[in-house]
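Keeping their order, the protein sequence lines are chains D and S. The numbering of the first sequence is the numbering used here, which starts it at 63 and goes up by one. The numbering of the second sequence is the numbering used here, which starts it at 7 and goes up by one.
Just so you know, these hints were derived from the structure itself, not from any lab. Incorrect hints may have been included.
Pairs of lysine-lysine, DSS-like flavour, derived with a Cα cap of 30 Å [unchecked claim]:
| id | chain 1 | residue 1 | chain 2 | residue 2 |
| --- | --- | --- | --- | --- |
| 1 | S | Lys76 | S | Lys44 |
| 2 | S | Lys9 | D | Lys119 |
| 3 | D | Lys119 | S | Lys122 |
| 4 | S | Lys22 | S | Lys122 |
| 5 | D | Lys158 | S | Lys9 |
| 6 | S | Lys22 | S | Lys44 |
| 7 | S | Lys122 | S | Lys76 |
| 8 | S | Lys44 | S | Lys122 |
| 9 | D | Lys158 | D | Lys119 |
| 10 | S | Lys44 | S | Lys9 |
| 11 | D | Lys119 | D | Lys75 |
| 12 | D | Lys158 | S | Lys122 |
| 13 | S | Lys76 | D | Lys119 |
| 14 | S | Lys22 | D | Lys158 |
Selected chain S positions facing chain D (Cβ under 8 Å, derived; list incomplete) [unchecked claim]:
| id | residue |
| --- | --- |
| 15 | Glu21 |
| 16 | Asp24 |
| 17 | Ser48 |
| 18 | Gly49 |
| 19 | Phe97 |
| 20 | Lys110 |
| 21 | Phe113 |
| 22 | Gly116 |
What follows is a set of in silico ranges between Cβ atoms, one per label pair, in the way DEER data are often shown [claimed, not checked]:
| id | chain 1 | residue 1 | chain 2 | residue 2 | range |
| --- | --- | --- | --- | --- | --- |
| 23 | S | Tyr70 | D | Thr142 | 20 to 28 Å |
| 24 | D | Arg135 | S | Ala115 | 27 to 35 Å |
| 25 | D | Arg125 | S | Thr15 | 41 to 49 Å |
| 26 | S | Ser18 | D | Arg92 | 39 to 47 Å |
| 27 | S | Ser123 | D | Thr142 | 41 to 49 Å |
| 28 | D | Arg125 | S | Gln63 | 40 to 48 Å |
| 29 | D | Gly78 | S | Ser123 | 43 to 51 Å |
| 30 | D | Thr142 | S | Gln75 | 39 to 47 Å |
| 31 | S | Glu62 | D | Gly65 | 40 to 48 Å |
| 32 | D | Leu73 | S | Val20 | 22 to 30 Å |
| 33 | S | Val52 | D | Thr174 | 22 to 30 Å |
| 34 | S | Thr86 | D | Glu164 | 17 to 25 Å |
| 35 | D | Lys119 | S | Asn64 | 33 to 41 Å |
Note that CB positions come from ideal geometry on N, CA and C, so glycine has one too.
Below, each chain spelled out in residue letters.
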Amino acid sequence: KAGVTQTPRYLIKTRGQQVTLSCSPISGHRSVSWYQQTPGQGLQFLFEYFSETQRNKGNFPGRFSGRQFSNSRSEMNVSTLELGDSALYLCASSWKGTGMDEQYFGPGTRLTVT
Amino acid sequence: AQKVTQAQTEISVVEKEDVTLDCVYETRDTTYYLFWYKQPPSGELVFLIRRNSFDEQNEISGRYSWNFQKSTSSFNFTITASQVVDSAVYFCALSEAGKKYGNKLVFGAGTILRVKS
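Start from the sequences, fold in the hints, and give me the full structure.
Following this line, the structure appears as structure tokens:
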């Protein structure tokens, strides 16, 4: 079974630009969650989608948004990039999305904002 | 609000030593789940173990074991006979139960484990 894939793996953007990151979950998984990892703040939950609906959102500004498609693939978008958005963005998928699920993480997208 | 604390920032051991990683959590929920994940240098988080709030039985799985105590809100993880390949960052995490909450993991800050040969 193929794992969670994230594209691109690395990205360099300039302040003020916008970026879209993509996540393909494990086949059959309907829940996709996004996390931001930085040295200062650690791993923080961004949002979670299940069957194309956002069910939960972390404490991030509106510049961070996401969506999920009917095939469960998900994208997250960050508009008007700031230097502080530089981070490793991790995507995770699970089958039921009930909180007890073992989540499978992708390798992440490392975003650098200059 | 949920919170997970991993007080140990970094631990160094010599191969074959046993090592215990500490985790203390806070939650008002009566039903919750606790996890340990490992993050090797490649960056991908790998699931290790899961425990629900109703099951305090401690178990051993291979070289891994865990000690869950609701009375002290602790969920400690032990690696027996550590190996160099165990070197990674270990995260303790907490989630609420139920579909309406979805899959939101609250992570601790992580503990860097260095196993030297």
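### Query
In ascending order, which of the hints set out earlier in this document are inconsistent with the structure?
3, 7, 12, 14, 15, 16, 23, 25, 31, 32
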